[in-house]
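Student: Take the sequences, apply the hints, and build the full model.
For the sequence shown, my numbering begins at 859 and goes up steadily by one.
Mixed in with the good hints there might be a few duds.
Claimed, not checked - FRET-style restraints, in silico, Cβ to Cβ:
no.	residue 1	residue 2	range
1	K935	V860	15 to 21 Å
2	S918	D946	22 to 28 Å
3	S939	M859	20 to 26 Å
4	E961	H931	23 to 29 Å
5	H908	T956	15 to 21 Å
Everything labelled a hint here was simulated from the structure, so no lab data went into it.
Here a beta-carbon is modelled for each residue, glycine too, at the ideal position from N, C-alpha and C.
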Amino acid sequence: MVYFVDIDGTIVRHGTNDLLPGALEWLQGLCAAGSTIVFTTRRGDEFLGHPIYSDAGLQSLLNSLYIKGVRWHDVVKNIGSPRVLVNDEECRVIQRETNQAWEGGFDERGENSIFLPLPLVRGGLLSDGH
Numbered sequence: 859m860v861y862f863v864d865i866d867g868t869i870v871r872h873g874t875n876d877l878l879p880g881a882l883e884w885l886q887g888l889c890a891a892g893s894t895i896v897f898t899t900r901r902g903d904e905f906l907g908h909p910i911y912s913d914a915g916l917q918s919l920l921n922s923l924y925i926k927g928v929r930w931h932d933v934v935k936n937i938g939s940p941r942v943l944v945n946d947e948e949c950r951v952i953q954r955e956t957n958q959a960w961e962g963g964f965d966e967r968g969e970n971s972i973f974l975p976l977p978l979v980r981g982g983l984l985s986d987g988h
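Tutor: Now the structure itself:
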């Protein structure tokens, strides 16, 4: 599976590089299962000189994760929220509260996710009729 993972408020406490409880274990579980991780963040160019949100702050976090065994495919910077995934096959969503701890560890089967079947997306609940 491919996981697009937001950074701030999702794996680290918003405004810091402090990992949320259970986030490291969850990310390590993704890696152990052979999943692809793509980090997404608003961090980047507009925060030049900021100790956390700048490229230097982001690199510090990524270095720390790498040392702890977390591997990722890519990092997409300079993008705000909300984020919408458009896909032609199965999609899953894991909606989390800001700064919510990762309880229960890694869930390879996606039991803590919401499955979005294509009929629901194409003409059902997620369609605005256009």
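Student: If a hint holds in the structure, say so; if it does not, say that too.
Tutor: Each hint, compared with the structure:
1. Roughly 18 Å separates the CB atoms of K935 and V860, a value that falls within the hinted 15 to 21 Å.
2. Between S918 and D946, the C-beta spacing of about 37 Å breaks the proposed range 22 to 28 Å.
3. Hint check: S939 to M859, Cβ distance near 22 Å, so the stated range 20 to 26 Å holds.
4. Range check, E961 to H931: Cβ separation about 26 Å, and the 23 to 29 Å hint holds.
5. H908 and T956 have their C-beta atoms about 19 Å apart, which keeps the hinted 15 to 21 Å range intact.
Hint compliance for this structure: hint 2 alone is broken.
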